[in-house]
Amino acid sequence: MNPLMSAGSGGSRRRRMPLLPGRIYHIYSRGNNRENLFREERNYHYFLALYAKHLASLVDTLAYCLLRNHFHLAIRVKQVEVGAQWATRSDRLNPATRAFTSMFQAYAMAINKAYNRTGKLFEEHFERIEVTSETYLKNLIFYIHFNPQKHNLIEDFREWPWSSYAAFLSHQPTKLQREEVLARFDGQEHFLEFHRGVVDEGQIIALIGDDFE
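With my numbering applied, the sequence shown corresponds to residues 18 to 230, in that order.
Errors might be hidden in some of the hints.
Below, a list of computed lysine-lysine pairs in the BS3-like style, where the Cα atoms sit at most 25 Å apart [to be verified]:
| # | residue 1 | residue 2 |
| --- | --- | --- |
| 1 | Lys-167 | Lys-95 |
| 2 | Lys-70 | Lys-167 |
| 3 | Lys-130 | Lys-95 |
| 4 | Lys-70 | Lys-192 |
Simulated restraints on C-beta separations [to be verified]:
| # | residue 1 | residue 2 | range |
| --- | --- | --- | --- |
| 5 | Phe-211 | Lys-130 | 39 to 47 Å |
| 6 | Glu-141 | Leu-199 | 30 to 38 Å |
| 7 | Leu-186 | Asn-50 | 31 to 39 Å |
| 8 | Leu-199 | Met-34 | 23 to 31 Å |
| 9 | Leu-110 | Gly-136 | 23 to 31 Å |
| 10 | Met-34 | Asp-77 | 14 to 22 Å |
| 11 | Thr-135 | Glu-206 | 48 to 56 Å |
| 12 | Ala-200 | Ala-73 | 34 to 42 Å |
| 13 | Leu-186 | Met-126 | 31 to 39 Å |
| 14 | Thr-135 | Glu-210 | 42 to 50 Å |
Everything labelled a hint here was simulated from the structure, so no lab data went into it.
Glycine is no exception: its CB is placed at the ideal position from the N, C-alpha and C atoms.
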C-alpha cells in the first residue's frame with residue numbers, strides 16, 4: 018500500500034508562478050466549463066503531437082495521462098541556455114509557460130475548426146504544483162496513472178491507452194524519461210508493485226486541492 022502524502026509534506030502550490038529550470042512540476046488543466054477536450058481518438062494523437070512539437074525542447078516528461086475533459090503531466094523544466102531571464106521573467110513571459118500556452122492555443126484552434134465551435138476550450142490558466150520530494154514524485158506518478166480508474170472511465174487504469182503507464186513496461190523507443198523514472202522506483206518490478214497500491218482519496222484532495230470530474 019502506498020498512500021499519497023499530503024501537499025504540505027512533499028509539494029507546494031505554485032499557481033501561475035514561473036516554471037524554473039531543473040524543477041519538477043505537476044501540470045494539469047481541464048476544458049472550459051468542464052467541456053471535453055478529447056472527443057475521439059484522433060484528438061488524443063493530435064494533442065500529444067503538439068505537445069512534442071512545442072515542449073520537447075523545454076521540458077522532460079516523467080508521466081502523463083489524458084482524460085476526456087482534463088489532463089495531468091509530470092514534467093521537469095530543462096536546463097536550457099536562455100540566461101537569467103528564467104528566474105526574473107513573469108509567468109506570462111516565461112519560456113515554458115509561453116510554450117504551453119502556444120500549444121493550447123494551437124489545439125483549441127484545431128478543435129474549433131474541426132467541430133465548428135467557438136470560444137475558449139481550456140480554462141484560462143493551467144495549474145502547476147512544484148514537486149519538492151522524491152516520495153511526492155513517486156506518488157504523483159502513481160496518481161497520474163490511476164486517474165482514469167478514479168474517474169470511472171475504465172475498470173483498470175493499466176488498460177487506459179492515453180497514459181504513460183504502458184510505456185514503462187515496454188522496450189519500444191519513447192520520449193518519456195523511462196529509465197530515470199524506473200530508477201526512481203528501484204527498477205521495473207518495484208514500479209509495478211508500487212502501482213498495485215491503494216489510492217487514499219483524502220490524501221489526493223490534500224495533494225492537489227481539487228480534482229476534475
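Violated hints, by number in ascending order, as checked against the structure: Of the numbered hints, 1, 2, 3, 12 do not hold.
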